[in-house]
Amino acid sequence: VSGRLVRHPADDTLHRLMDGGLSRDEAAAVERHVAACDRCRSTLDALERLRRAARAAPREVAPPGELWDAIGARIARAPRASGAPAPAPASAVVGRPRRGVGGWVAAAALLALAGGGALMVGRDGRDHRGVPDGRAAGRALVTAATRAADAENVRALEAAVASTAAALAASPDNVHLERMLERARRQRAEYLQSARSLTTDQ
Amino acid sequence: MPRPLPFRPVTPVTDDVARARDGDAAAFARLYEAHAGRVYALCLRLSRDPDEARELTQDTFVRVWEKLPLFRGESTLGTWIHRTAVNTVLERRRSERRRLARVEPRADLDALPSAFRRAPVDERMDLDAALARLPLAARTVFVLHEMEGYSFAEIAELTGTGEVTLRSQLHRARRRLLELLRP
Chain A
1 VSGRLVRHPA DDTLHRLMDG GLSRDEAAAV ERHVAACDRC RSTLDALERL RRAARAAPRE
61 VAPPGELWDA IGARIARAPR ASGAPAPAPA SAVVGRPRRG VGGWVAAAAL LALAGGGALM
121 VGRDGRDHRG VPDGRAAGRA LVTAATRAAD AENVRALEAA VASTAAALAA SPDNVHLERM
181 LERARRQRAE YLQSARSLTT DQ
Chain B
1 MPRPLPFRPV TPVTDDVARA RDGDAAAFAR LYEAHAGRVY ALCLRLSRDP DEARELTQDT
61 FVRVWEKLPL FRGESTLGTW IHRTAVNTVL ERRRSERRRL ARVEPRADLD ALPSAFRRAP
121 VDERMDLDAA LARLPLAART VFVLHEMEGY SFAEIAELTG TGEVTLRSQL HRARRRLLEL
181 LRP
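Listed in order, the protein sequences are those of chains A and B. So in my numbering, spot 150 of the first sequence is number 150, and the numbers just go up one at a time. So in my numbering, spot 116 of the second sequence is number 116, and the numbers just go up one at a time.
Some hints could be false.
Said to hold, decoys possible - Partner residues are not named here, just some residues of chain A that face chain B (Cβ under 8 Å, in silico):
1. T13
2. L44
3. P58
4. V61
5. L67
6. G72
7. H176
8. L177
9. A189
10. Y191
Said to hold, decoys possible - Away from chain B, derived, C-beta distances all over 12 Å, residues of chain A:
11. D12
12. R24
13. A27
14. A28
15. A29
16. C37
17. A56
18. A62
19. R77
20. R185
21. R186
22. L192
No lab work stands behind these hints: they were computed from the structure. Remember, it's a predicted structure, so these values are computed and weren't measured experimentally. Just so you know, even glycine gets a beta-carbon here, dropped at the ideal spot from N, CA and C.
Work out the full structure, taking the sequences as your base and the hints as a guide.
Right under this line is the structure:
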């Protein structure tokens with residue numbers, strides 16, 4: 001594409017002109033042609049309108065509100081990349097490898113268990129999920145170790161509620177935090193009710 | 001239906017980045033709040049499927065959480081998260097390439113957010129609806145280059161496709177879009 005163009009440039013050439021993909025001489029020749037050619041100018045105008053439209057299109061769309069809940073639950077379990085700085089004080093989510101997560105992640109972990117049974121912490125340091133609320137199960141499970149674990153769980157739940165509430169106070173417009181706080185409180189209430197039934201059965 | 005987010009410039013959140021790096025999930029929630037709209041929009045455009053876009057957005061932020069300790073600030077956090085999202089989409093696509101090759105891509109236009117369907121170029125154009133009708137490769141290069149501002153070299157690195165091929169796909173995408181958007 002050089003010199004004065006007497007033929008229409010190829011369609012791709014107009015694209016390359018717009019993308020800055022032609023040499024200076026090529027671009028000058030095509031521009032001279034376009035200036036004198038209604039058809040090519042019209043094509044180039046359409047391409048430029050399309051580009052403007054693409055750049056003006058919305059860049060953000062609000063994701064569904066529940067999406068953070070799922071992410072919060074997953075990051076509570078997610079490993080961090082190596083090279084991570086020293087972890088923050090571990091939460092009371094005992095039994096998991098300490099990953100430098102704080103009370104907020106405890107909240108997320110607890111929320112992850114919503115509907116899947118309460119989180120119980122055993123003396124052996126492993127999670128004991130799905131502990132039933134039933135009295136028979138309670139009689140079998142309530143030991144000194146279980147009571148200690150229960151106290152630890154309550155502290156974790158309290159810490160989760162407190163840290164979530166603090167985060168919400170700092171970001172009062174954050175609907176995700178608001179929702180997590182509500183769920184953390186509900187988890188705490190359900191857990192306390194469940195734990196009470198275990199101890200009264202003893 | 002998802003609603004468009006109000007314009008909110010992404011301001012430096014260095015404190016939150018540092019806290020999130022240290023494992024503070026509340027700080028990470030604020031980072032999510034600041035960047036989720038852009039990530040979700042990108043995933044929606046590239047996948048055309050709201051369910052898949054939700055999964056991809058989720059995967060992106062979990063990966064950001066996992067890799068955040070490695071973020072050194074060479075680019076802005078927004079750029080880094082965006083690139084993570086693109087990689088997440090492309091990696092899933094690669095893993096499903098064989099399946100996608102067998103299945104006719106569906107353009108579930110009714111399921112696209114109204115924010116997209118009502119984003120006209122002018123009275124005649126509905127760009128996102130037209131985009132959803134493009135073949136996968138053409139749509140990808142158009143979204144990344146024309147909408148998100150990636151260079152051909154960057155897209156080539158991300159996709160493993162040569163720049164000449166990318167340019168050709170972009171030209172085809174533009175031609176097809178102009179046909180679809182013709183009044």
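These are the hints, each one checked on the structure:
About 10 Å separates the beta-carbon of T13/A from the nearest beta-carbon of chain B, more than 8 Å, and the hint is not met. The criterion of a C-beta within 8 Å of any C-beta in chain B is not met by L44/A, whose closest approach is roughly 11 Å, and the hint is violated. Residue-level restraint check for P58/A holds (minimum Cβ-Cβ distance to chain B is 5 Å; threshold 8 Å). Using the Cβ-Cβ criterion of 8 Å, the hint placing V61/A at the interface with chain B is satisfied: the shortest such distance is roughly 4 Å.
Satisfaction of the interface hint for L67/A is found here, the shortest Cβ-Cβ separation to chain B being roughly 6 Å, below the 8 Å cut-off. For G72/A, the interface hint holds, since its Cβ comes within 8 Å of a Cβ in chain B; the closest pair sits about 7 Å apart. Nearest Cβ of chain B to the Cβ of H176/A: about 6 Å, under the 8 Å cut. The hint holds. For L177/A, the interface hint holds, since its Cβ comes within 8 Å of a Cβ in chain B; the closest pair sits about 6 Å apart.
Interface hint at A189/A: violated, since its Cβ lies 21 Å from the closest Cβ of chain B, which is beyond the 8 Å cut-off. A hinted interface residue such as Y191/A counts as satisfied when its beta carbon comes closer than 8 Å to some beta carbon of chain B; here the least separation is about 20 Å, so the hint is violated. Distance to chain B contradicts D12/A as a non-interface residue, since its nearest Cβ pair spans about 6 Å, not more than 12 Å. Listed as outside the interface, R24/A is consistent with that label: its C-beta sits roughly 19 Å from the nearest C-beta of chain B, beyond the 12 Å cut-off.
No Cβ of chain B comes within 12 Å of the Cβ of A27/A; the nearest lies about 16 Å off, and the non-interface call holds. Distance to chain B confirms A28/A as a non-interface residue, since its nearest Cβ pair spans about 21 Å, more than 12 Å. Every CB of chain B is more than 12 Å from the CB of A29/A (nearest about 19 Å), matching its label as outside the interface. Distance check for C37/A against chain B: the nearest CB is about 18 Å away, which clears 12 Å, and the non-interface claim stands.
Distance to chain B contradicts A56/A as a non-interface residue, since its nearest Cβ pair spans about 7 Å, not more than 12 Å. With a minimum CB-CB distance of about 5 Å to chain B, A62/A fails to clear the 12 Å threshold, and the non-interface call is violated. Residue-level check failed: R77/A sits 9 Å from the nearest beta carbon of chain B, not beyond 12 Å. For R185/A, the condition that its CB be more than 12 Å from all CB atoms of chain B holds, with the nearest at approximately 16 Å.
Residue placement check: R186/A keeps its beta carbon more than 12 Å from all beta carbons of chain B (closest about 18 Å). Residue placement check: L192/A keeps its beta carbon more than 12 Å from all beta carbons of chain B (closest about 23 Å).
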